[in-house]
Amino acid sequence: MLRMKQVNILWLQVRKIVTKTVHDVPSPPGLPILGHTLKLMDRNYLQNMAANYRALNDTYGDLVRLKILSADPFLILFDPEDIQAVYKGDGKQPFAFGFDPIHHYRRTMRRDLFPITGGLIGEQKEGWFRVRSVVQQDMLRPQSAFYYIDELQNISQEFAELLGQKLDSEMTLPQNSLSLIHLWALESIASIFLNQRLHTMHEDSEDQDSKALTNAVNVVTELLLKLMFALPTWKFLPWAVPWYRKLDSGMEMINQLTSKKVEFAAQKILAEKKAAEAKGTEVPYRDKCMLEKLIDRSPNGDLTTAKVMAQDGLLAGIDTTGNTAAFLLYNLAIHPEVQAKLVQEIDQVIGIDPKKCRITEKHFNQMPYLRACFQESLRLTPTIIGISRKTSVPMVLSGYDIPPESYVMIPYMTMGHNEKHFKDPMQFKPERWIRGHPDQHSAHPFAFMQFSHGPRMCIGRRFATLEVCILAIKLLQNFHLDYDLDKWGPVNVQVAFVNRPDKELRLKLFPRTIK
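Numbering (our numbering), first residue to last: 679 to 1193.
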């Protein structure tokens, strides 16, 4: 027994000598005390973050350490095996430090607006798990999004007709095309969550709140990326930070406008439920909007979680879905050969007439090229730069001992553009996502996961995917898409908390004729 104890002590001493710690992880030179904080706060550095991460990868290897005052140690992972290990160590309550600014804002700085829960995007650990447990049952089922397919295609067909009315003499979309796409996204997500048509896509719409909401979301998502890497001063002296006041104003506007829409919908739902109970009837599950489903699951009649989730659904559904759609339409417009293949699939599976040929769940199972185009657009022009975590257990990454409470960034945008994982990475090649195709990629499964993985996988991914794919179908049933690269220049990814196109989407839409 004594000998075994001595052996263990000796082994621990040897291990301390040969084991590499987190402080041994390769790191670029930084400033005393501040480390790399100022660099990550620099606007130009953030705008080129994917390329800057690639430079770090090329210079320092697959695991790089940065020093940031608000997150130390801060590790950037480029090895899919390390990424898999981080997800495996997540447990049931992952900590996504990228959402920590929202958590701090809602639960500390503006608890007056969120007194009971910060919602799915404003909670961490136990608080997040409580909310997720309530909402995921109705949002992650394979059928979850398809319940709303009829109204979603009505909205997208209406949007296609609206765009056709806005073309100039050269068949080009107007300067505010991206704002219009955001309004389409809001219209779509409102129909899912609230069972409401806002009719906000039309210029003569009296719903000015929706336009103010989309503008506020754009302001906030740009500022949130700053908070991730900013000096922690804003947490203690918020009013001394000029851009914090802009953020607070935007956040308050979002809360005011979304809560107004959600409260109106909730009262209508409760009144209809009361009337149905009096008649001894009940709305079928498939016909309920998401808010009603969440109300049905609310414990003890407390509707707070349901309402905040609906607010967050509207918030997240505007820029993430809208920008994803914009990038896909752009990629199809500048790759006519891909567009032609997709149109052929749409015509064969669904039909040519956009008004008579209705889209069904069965159709989606028969459209591998549509799904491949969607996935390839996410890889090439993603709406997020990556996924963040704060580790909860000790782990070994690339041979280094990493302690709990380490901050980890998984830069999926950089990895998706790396030839080590994807051949000809800057080419738009949907075939790489088609099983059995000669060009199918051989990348590690964890080399690209735009919707994340595990318990904290994107809860709205089924809705976003369906919305964007339906819009692509409807536009391609109505138009041939084109884009004048010589005149307008390429559309690139502008990095923010949610990435967006760096310029307006001046697509050309040439009407198709039904023979």
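None of these hints come from the bench; they were simulated from the model.
Note that the Cβ used here is the ideal one computed from N, Cα and C, for glycine as well.
There's no promise every hint is true.
Think about it this way: if two alpha-carbon atoms lie no more than 25 Å apart in a straight line, the pair counts; the simulated SDA-like pairs of lysine to any residue are [claimed, not checked]:
| hint | residue 1 | residue 2 |
| --- | --- | --- |
| 1 | K1186 | G1029 |
| 2 | K946 | P962 |
| 3 | K924 | H1013 |
| 4 | K1107 | P852 |
| 5 | K1068 | N832 |
| 6 | K1107 | H1013 |
| 7 | K971 | Q945 |
| 8 | K938 | Q1172 |
| 9 | K1098 | P1082 |
| 10 | K924 | L901 |
| 11 | K924 | F914 |
| 12 | K1181 | R789 |
| 13 | K1019 | Q1044 |
| 14 | K698 | E759 |
| 15 | K952 | S937 |
| 16 | K1186 | P1014 |
| 17 | K1181 | G842 |
| 18 | K1101 | I1012 |
| 19 | K717 | R923 |
| 20 | K1019 | R1140 |
| 21 | K946 | N832 |
| 22 | K717 | N1170 |
| 23 | K1107 | E1015 |
| 24 | K1040 | R964 |
| 25 | K1101 | K1068 |
| 26 | K770 | W917 |
| 27 | K717 | P1014 |
Ranges between beta-carbon positions, derived for each pair [said to hold, decoys possible]:
| hint | residue 1 | residue 2 | range |
| --- | --- | --- | --- |
| 28 | A890 | T911 | 44 to 50 Å |
| 29 | T982 | E1039 | 29 to 35 Å |
| 30 | Q1026 | L909 | 55 to 61 Å |
| 31 | K698 | T982 | 45 to 51 Å |
| 32 | K766 | D1117 | 26 to 32 Å |
| 33 | T911 | V1071 | 28 to 34 Å |
Here is what the structure says about each hint:
At most 25 Å may separate the alpha-carbon atoms for a hinted pair to count; K1186 and G1029 meet this at roughly 23 Å. As the CA atoms of K946 and P962 are separated by approximately 17 Å, the hinted pair is consistent with the 25 Å bound. Distance hint between K924 and H1013 is unfulfilled; the C-alpha atoms sit about 39 Å from each other, more than 25 Å. Of the pairs offered as hints, the one joining K1107 and P852 is violated, with about 29 Å between alpha carbons and a cut-off of 25 Å exceeded.
Taking the CA atoms of K1068 and N832, the gap is about 42 Å. The hint is violated against a cut of 25 Å. Restraint check: the Cα-Cα separation between K1107 and H1013 comes to about 9 Å, which is no more than 25 Å; the hinted pair holds. Only pairs whose Cα atoms come within 25 Å are accepted, and K971 paired with Q945 is accepted, the gap being roughly 14 Å. Of the pairs offered as hints, the one joining K938 and Q1172 is violated, with about 31 Å between alpha carbons and a cut-off of 25 Å exceeded.
A hinted pair counts as satisfied when its Cα atoms are at most 25 Å apart, and K1098 with P1082 does not qualify at roughly 29 Å. For the hint linking K924 to L901, the alpha-carbon distance of about 9 Å falls within 25 Å, and the restraint holds. The suggested pairing of K924 with F914 holds, with an alpha-carbon distance near 17 Å, which does not exceed 25 Å. For a cut-off of 25 Å, the pair hint linking K1181 to R789 is broken: about 36 Å separates their Cα positions.
Between K1019 and Q1044 the CA atoms are separated by roughly 14 Å; this keeps the pair inside 25 Å, and the hint holds. In summary, the hint linking K698 to E759 is supported, as the alpha carbons are separated by about 18 Å, within the 25 Å threshold. For the hint pairing K952 with S937, the CA-to-CA distance comes to about 22 Å; that is within 25 Å, so the pair holds. Annotation: proposed proximity of K1186 to P1014 holds, straight-line Cα distance about 12 Å (limit 25 Å).
Simply put, K1181 and G842 have alpha-carbon atoms about 21 Å apart, close enough for the 25 Å limit, and the pair holds. Among the hinted pairs, K1101 with I1012 is consistent with the structure: their alpha-carbon atoms are about 20 Å apart, no more than 25 Å. Under the criterion of a C-alpha separation no larger than 25 Å, the hint pairing K717 with R923 is consistent with the structure, at around 23 Å. Taking the CA atoms of K1019 and R1140, the gap is near 24 Å; set against the 25 Å cutoff, the hint holds.
For the suggested pair K946 and N832, the alpha carbons sit about 23 Å apart, so the restraint of at most 25 Å is met. Between the alpha carbons of K717 and N1170 the distance comes to roughly 22 Å, so the proposed pair stays at or under 25 Å and holds. Restraint check for K1107 and E1015: satisfied, since their Cα atoms lie roughly 10 Å apart, inside the 25 Å limit. Taking the CA atoms of K1040 and R964, the gap is near 17 Å; set against the 25 Å cutoff, the hint holds.
For the suggested pair K1101 and K1068, the alpha carbons sit about 31 Å apart, so the restraint of at most 25 Å is broken. In summary, the hint linking K770 to W917 is not supported, as the alpha carbons are separated by about 36 Å, beyond the 25 Å threshold. Restraint check for K717 and P1014: not satisfied, since their Cα atoms lie roughly 40 Å apart, outside the 25 Å limit. A hinted range of 44 to 50 Å for the beta carbons of A890 and T911 is inconsistent with their spacing of about 29 Å.
Under the hint 29 to 35 Å, the C-beta atoms of T982 and E1039, about 33 Å apart, fit the expected range. At about 57 Å, the beta-carbon gap between Q1026 and L909 stays in the expected band of 55 to 61 Å. At about 47 Å, the beta-carbon gap between K698 and T982 stays in the expected band of 45 to 51 Å. For K766 and D1117, the hinted distance range of 26 to 32 Å is satisfied, since their beta carbons lie about 30 Å from each other.
A hinted range of 28 to 34 Å holds for the C-beta pair T911 and V1071, which are about 31 Å apart.
Of the numbered hints stated above, those contradicted by the structure are hints 3, 4, 5, 8, 9, 12, 25, 26, 27 and 28, listed in ascending order.
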